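Line by line, the protein sequences are chains A and B. With the first letter of the first sequence counted as 1, position 103 gets the number 824 in this note's numbering; the numbers rise by one all the way through. With the first letter of the second sequence counted as 1, position 38 gets the number 53 in this note's numbering; the numbers rise by one all the way through.
Keep in mind that the hints are not guaranteed to be accurate.
Said to hold, decoys possible - Cβ pair distances, simulated, as ranges:
#1 A:763 - B:33: 23 to 29 Å
#2 B:31 - A:775: 47 to 53 Å
#3 B:128 - A:774: 42 to 48 Å
#4 B:42 - A:799: 31 to 37 Å
#5 A:761 - B:27: 16 to 22 Å
#6 B:42 - A:830: 30 to 36 Å
#7 B:35 - A:749: 36 to 42 Å
Said to hold, decoys possible - Which chain A residues face chain B? A few, computed with CB under 10 Å, are given here:
#8 722
#9 725
#10 727
#11 728
#12 762
#13 764
#14 766
#15 770
#16 810
#17 816
#18 824
#19 825
#20 828
Simulated from the structure, these hints should not be mistaken for laboratory data. All figures in this text were calculated on a predicted structure; none of them were measured in a lab. Where is the CB? At the ideal position from N, CA and C, for every residue including glycine.
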Amino acid sequence: GENVEQHPSTLSVQEGDSAVIKCTYSDSASNYFPWYKQELGKGPQLIIDIRSNVGEKKDQRIAVTLNKTAKHFSLHITETQPEDSAVYFCAASIRDSGYSTLTFGKGTMLLVSP
Amino acid sequence: SAVISQKPSRDICQRGTSLTIQCQVDSQVTMMFWYRQQPGQSLTLIATANQGSEATYESGFVIDKFPISRPNLTFSTLTVSNMSPEDSSIYLCSVGQDSSSYEQYFGPGTRLTVT
Numbered sequence: 722g723e724n725v726e727q728h729p730s731t732l733s734v735q736e737g738d739s740a741v742i743k744c745t746y747s748d749s750a751s752n753y754f755p756w757y758k759q760e761l762g763k764g765p766q767l768i769i770d771i772r773s774n775v776g777e778k779k780d781q782r783i784a785v786t787l788n789k790t791a792k793h794f795s796l797h798i799t800e801t802q803p804e805d806s807a808v809y810f811c812a813a814s815i816r817d818s819g820y821s822t823l824t825f826g827k828g829t830m831l832l833v834s835p
Numbered sequence: 016s017a018v019i020s021q022k023p024s025r026d027i028c029q030r031g032t033s034l035t036i037q038c039q040v041d042s043q044v045t046m047m048f049w050y051r052q053q054p055g056q057s058l059t060l061i062a063t064a065n066q067g068s069e070a071t072y073e074s075g076f077v078i079d080k081f082p083i084s085r086p087n088l089t090f091s092t093l094t095v096s097n098m099s100p101e102d103s104s105i106y107l108c109s110v111g112q113d114s115s116s117y118e119q120y121f122g123p124g125t126r127l128t129v130t
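The following block holds chain B by itself, in its conformation from the complex (with noise of 0.2 Å):
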């Protein structure tokens, strides 16, 4: 399976501000996918980051709030935009290899805290 990497690991950001999170896999993979996974909760989908086309929001999740950024095969950024506290949760990148697979294999999320 593909090696996923995110940064930063974790923030602590003040209400009012913005973080990018990145992902980055170490092959080219065609599915990109960024999930919420608020404290003992379960996972969320956010949005499906396309290449090279806007991503594909789930109910709920909005463009100017989580921006996403998908500019290659192997990178992708998810921006949590004007933060409020309830914003604070695990941000998942998972990726699918390719149109074919079956499997979604998840990095290792970033976990953010909005004071």
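So here's chain A without its partners, still in its complex pose (with noise of 0.2 Å):
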């Protein structure tokens, strides 16, 4: 089955400065990976995510980038506020005619500083 390594664990940023985390997965046939925020005592919230068709997206102050190539994606975020401490979680899924599971990595605290 599937398998997505997520890295940093915890990664703690200045206001302003950018974050960066990355994920890999094993799967070549996964085609969909989203990325989720989420907050002390509420449930994940989809902030982005990206199809294998395309390398780049961009929403704000958040990006995400792919490569097929290397199974690599990353989230960007750039001039990080206080708001943005939270737990992050990447995933892929393989997304055909029918329905896929999400496999999620084991997610990355996010601290920002003020």
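Both chains come to you apart, so use the hints to assemble them.
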């Protein structure tokens, strides 16, 4: 089955700096890669995703890049703010004609200091 | 995206008892899933709740321990049976809008403590 590795497990940055979280996946058939943000006491929130036919996707201060050859994808957050502090999870799935389940990484705790 | 609610939001239960968690969606969805998130850990899929048929369980999870119902396209329940302290976790419901969509959206979770 699919295996997703996520690094780092914790990341501390100063407000205004950039943050990068990296994930690798094992199954070359995976074609959908979402990122979730989980704040304390809340459920995971989908913040951005990318499909395998795209190399990069941006949404304001966040972006995701995908390297299919190397089987890794990354989340980039620019101009970090204290409210970006949360646990971030990457995931991978094989999405075809049926519905496929998500395999999650172990999460990265991002701490943004004012 | 769909608005998902879960009841209860948290509970403290005695060992050996059972708890049923409800997941309600404000619109009809094709796919509903149940996840477990142990303290400080990642999300692990328990099962896919299929409307009108038995749930599909992942390796390591069985129907006797985690019976699931899905009576319609907006509602599902997960029961945690014969609980032990190891069952203390956050239980999360997620939904996929329809069979052609990629995105999954999560509910707020149910925080279960077993004493």
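A quick look at each hint next to the structure:
{"no.": "1", "hint": "A:763 - B:33: 23 to 29 Å", "verdict": "26 Å, holds"}
{"no.": "2", "hint": "B:31 - A:775: 47 to 53 Å", "verdict": "50 Å, holds"}
{"no.": "3", "hint": "B:128 - A:774: 42 to 48 Å", "verdict": "44 Å, holds"}
{"no.": "4", "hint": "B:42 - A:799: 31 to 37 Å", "verdict": "34 Å, holds"}
{"no.": "5", "hint": "A:761 - B:27: 16 to 22 Å", "verdict": "19 Å, holds"}
{"no.": "6", "hint": "B:42 - A:830: 30 to 36 Å", "verdict": "33 Å, holds"}
{"no.": "7", "hint": "B:35 - A:749: 36 to 42 Å", "verdict": "40 Å, holds"}
{"no.": "8", "hint": "722", "verdict": "9 Å, holds"}
{"no.": "9", "hint": "725", "verdict": "9 Å, holds"}
{"no.": "10", "hint": "727", "verdict": "8 Å, holds"}
{"no.": "11", "hint": "728", "verdict": "13 Å, violated"}
{"no.": "12", "hint": "762", "verdict": "8 Å, holds"}
{"no.": "13", "hint": "764", "verdict": "4 Å, holds"}
{"no.": "14", "hint": "766", "verdict": "7 Å, holds"}
{"no.": "15", "hint": "770", "verdict": "7 Å, holds"}
{"no.": "16", "hint": "810", "verdict": "6 Å, holds"}
{"no.": "17", "hint": "816", "verdict": "5 Å, holds"}
{"no.": "18", "hint": "824", "verdict": "8 Å, holds"}
{"no.": "19", "hint": "825", "verdict": "5 Å, holds"}
{"no.": "20", "hint": "828", "verdict": "5 Å, holds"}
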